[in-house]
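Work the whole structure out from these sequences, hints included.
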Amino acid sequence: MLANTDALLLAVTQLSQPITLLLLVVGIVIGLIIGILPGLGPPIAIALALPFTFYLEPVPSIILLLGIYSAAIYGGSISAIAVGIPGTGAAIATVQDGHKMFSAGRGGEALGFSLTGSIFGGLVSVVCLAFIAPLLAEFAVRFGPRENLAISVFGLMVVVRVAGQSLSKGLLMGALGLFLTTWGLDELNGTERYTFGSYHLYEGLPLVPFLVGLFAMSEVFISAERAHHKINFNQSSLKVQLPGWRTLVKLKDVLIRSSLIGTVIGIIPGEGAAVGAFFAYSEAKRRSKNPETFGTGVAEGIVAPETANNATVGGALVPTLTLGVPGSPAAAVLLGALIIQGLSPGTQLFVEHPDLMYAIFIGLFAINILMIFIGLLAIRFAARLIMVPTAVIVPTVMLLSFVGVYSVSNSFFNVGVMLGAGILGYVVRKLGYSIAPLSIGFVLGPILENSLRQSLTLADGSVQEFFNTPIGLSIYAALALTILWGPVVGRFKKDKS
Amino acid sequence: MLTQRVSNILFAILIIVASIWFAIEAQGFKAAGLLASSGLPSKFFPQLTLGFMVVCAVIVAVLYSLKKIDGSDKSDTVYKNAAEARQGLAVLAVAVASYFTWSTFGFVTMAVLMGPVCLAAMGIRSIKIYITVILLTAFIYAIFTQLLNIRLV
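For the protein sequence lines, the chains are Y and E, in the order given.
According to the working numbering, the first sequence is numbered sequentially starting from 1.
According to the working numbering, the second sequence is numbered sequentially starting from 1001.
These aren't lab readings, by the way, just hints derived from the structure by calculation.
Hints are not guaranteed to be accurate.
Using 20 Å as the maximum straight-line C-alpha spacing, the simulated EDC-like pairs for lysine to aspartate or glutamate come out as follows [said to hold, decoys possible]:
1) E/K1030 <-> Y/E192
2) Y/K285 <-> Y/D253
3) Y/K250 <-> Y/E292
4) E/K1030 <-> Y/E203
5) E/K1080 <-> E/D1070
6) Y/K230 <-> E/E1084
7) Y/K430 <-> E/D1076
8) E/K1074 <-> E/E1084
9) Y/K430 <-> E/D1073
10) E/K1030 <-> Y/E187
11) E/K1043 <-> Y/D460
12) E/K1043 <-> E/E1025
13) E/K1043 <-> Y/E203
14) Y/K100 <-> Y/E292
15) Y/K250 <-> Y/E283
16) E/K1043 <-> Y/E187
17) Y/K289 <-> Y/D253
18) Y/K252 <-> Y/E283
19) Y/K430 <-> E/D1070
20) Y/K430 <-> E/E1084
21) E/K1043 <-> Y/E192
In C-alpha cells form, the structure reads like this:
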C-alpha cells in the first residue's frame, strides 16, 4: 500500500492531467443536459456514459461518471422550477415551492436558491465521505463471508423496502435480479448454468448492456408514449439571481441540517436522493415558524430538498466504495464502472488503490465547485434544452445505447442483451414494478451467492451459524429494525389514538 | 384497455411457469472433474432464488385476484389510451427490427432507417424533427468512428 502522502500526490497528479480535467467539465455538462431533460435521470446518464469508460484509465473514467452523477441531480431542479416537471425523481420535492416562485416571476431567485443549496449539500457530503469512508473501510476489513452475506442481504432488502408500494413486487424484482446473475459458468466449480449452448453466455449476462437496457432503453419506450406532449413556460424568468450573504446566514440552519440529512440518507442503501429531498423538505417545514407558507414559493422549500438531494451523492458512495453495496441505482451503475475497470469495490479498494480514493474525494469536491460556474452558464441554455421535443430524444438515446453497448466489445450479443433487458424493464415498469431492486440484485448477485455458499460450507450447512457473528448479527438486527420500525410505530400510534 | 389487474396476474403466472422450467433445468447442472464435489451444488442458488420468485409471484397474483393491492380497480389500466400504447409498442418493435437490420444489412442501413422509422412510429410529422434526428445520427456516427476509432459494420 502506498503511503498516504504518496497516494495523495499521485491522486493530484492524475487529476491534473488535461484529459481528466476535460472529462470533469464534460461530465458536468452532460449531467446537466441529461438532468434538465425531463425523464432522463442520473442512472440513465451514467449508464449511457459507461461504454466510453472502457477506453479510459480508472481515474478519468470515475471522474467523468461522478461529474455526470452530481450534475444530473442538480440539473433536475432546473426543469422542476421552470416547468414544474422534475427532470429527476430527486427534484420532485423542489417542484412545490420552486415552480410557485417561478410562476410568480421570481424564477431567478428560485434557480439561485437551488444552485446554492446543491453546491453546499454536495460539498458537505464530500467532506463526510472523506472522513467516514476510510473509517468504515478499516472496520469492514474484519468482514468474512457471513458478514458479506449479511451486508448484501441488508442492501438488497432496504432497496426493496423503499422501491415501491408493494413489498412482494419489490422482492420479486430483487430475486429476479439475483437469478439472472446465475447464468454462465459457475465461478466455484465451472458448471455450465443456463448457457443454452452459447459460448457468449459462459461469462454470464454482461453487466453494462444489462444496465443500459434496463435504465435507458426502458425509458426510451416509455418516453415514446408521450412523444406528443408539449411544454410551455415563460423563458424570460430563466435568469439566475444568487442569494446574498444575509439571505445565506438566514438559511444557514436549513442548509446545514439538510446537508446532514441528505448525507445520512444517502449512506443507507436504497434510500436515495428522492427520499433525502422529501425528508429534508418535511423537516424544514416542521421546524419553520411559518409552516403554512410552504408550497407557496418560499426559499426554504427549495433550499432544503436541493441541498439534501445533492448531499446524497457523497453519502451513497460510502457503502458503494467501502462495502461494495450500492446506495442507489445510480451508485449501482457506478459500481459497474469500477468492476469494468478491473477494480473490486470494497475494503480492498482502499488498501490497493488509495490514490483512486483520494482522486474520488478531491474530484468530487472540484466537481461541486465547478458546478457553480457551469451551472450558471447552463441555466442560460436551459430554455432550449427544456423545449427539446421528446420525439428527438427517443431515437437519439436509442441509437446511442445501441452503438455504445456494441462498442464495449464489438459484439451483437451485447446489443441483444441490452434489448432484452430494455423490454424486460419496460414490461415490469408498465406493470407497476420498480427496476431499482432488479438492478441492485443484478449487481449484488455474485457477491451474495459466493458469500452464501462459502458461509454454508464453513458452517457445515447450519443456517444458525450465520447469526453466530457479532457484526453479522448487528446487521441483521438493523435490517429487522428498518423493516419493522414503520409498521410497529404505526400500530403503536393507532393503539394510542 | 388492458387492466393492471389482469396483466399483473398474467405476468405472475408467467413468472411461476418460467421459474418452474428454469428450476427443472437446474436439476441437470453437472460439475466436471475434481471440483465436482467441492462445496454446495451449482443448482442451489438458482433454485433458491427461483423458489423465492415463485412465492412472491403467488402473493402478487393472490393480492390482485382479491383486489387487495393498489391498482386493482377497473380504471387502473396499463396504458392511458390507445395512442400511448401504439406509440410505445411501435417504438419497441422498431428497436427489435433495428437490431436485425444491423445484423443483416449493416450499421449504416440501420442508422439511416432507425431515426426516421422511429419518428414515423410515434406519428411525428414535423420535417424539422426528422432533419434534427438525422443530423444527430450523423454526429453520433462521427464521434464513435472518428473520435473513438470504433469500426461500426
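query = Does the alpha-carbon distance linking E/K1043 and Y/E203 stay inside the 20 Å limit?
reply = 17 Å, holds
message = Just to be careful, I want the Cα atoms of Y/K230 and E/E1084 compared with a cutoff of 20 Å; is the pair within it?
response = 15 Å, holds
message = Please verify whether E/K1043 and E/E1025 have alpha carbons no more than 20 Å apart.
response = 9 Å, holds
Proposed proximity, Y/E283 with Y/K250 (alpha carbon, max 20 Å) = Cα-Cα ~16 Å, so holds.
key: Pairwise hint evaluation, E/D1070 against E/K1080, where the allowed Cα distance is 20 Å at most   = Status holds; Cα separation ~17 Å.
task = Sort out whether E/D1070 lies within 20 Å of Y/K430, counting only the CA atoms.
result = 14 Å, holds
query = CA of E/K1043 to CA of Y/E187, is that 20 Å or under?
reply = Given pair E/K1043, Y/E187 holds - Cα atoms ~13 Å apart, limit 20 Å.
ask   = Would the pair Y/K285 and Y/D253 pass a check requiring their Cα atoms to be no farther apart than 20 Å?
value = 12 Å, holds
request  = Decide if the proposed pair is consistent with the structure: E/K1030 and Y/E203, CA atoms, cutoff 20 Å inclusive.
outcome  = 17 Å, holds
message = Check the hint pairing E/K1074 with E/E1084 against an upper bound of 20 Å on the C-alpha distance.
response = 18 Å, holds
ask   = Between E/K1043 and Y/E192, does the CA-CA distance stay at or below 20 Å?
value = Given pair E/K1043, Y/E192 holds - Cα atoms ~10 Å apart, limit 20 Å.
ask   = Does Y/E292 lie within 20 Å of Y/K100 when you go C-alpha to C-alpha?
value = With Cα atoms ~14 Å apart, Y/K100 and Y/E292 stay inside 20 Å; holds.
This entry satisfies every hint, going by the numbered hints stated previously.
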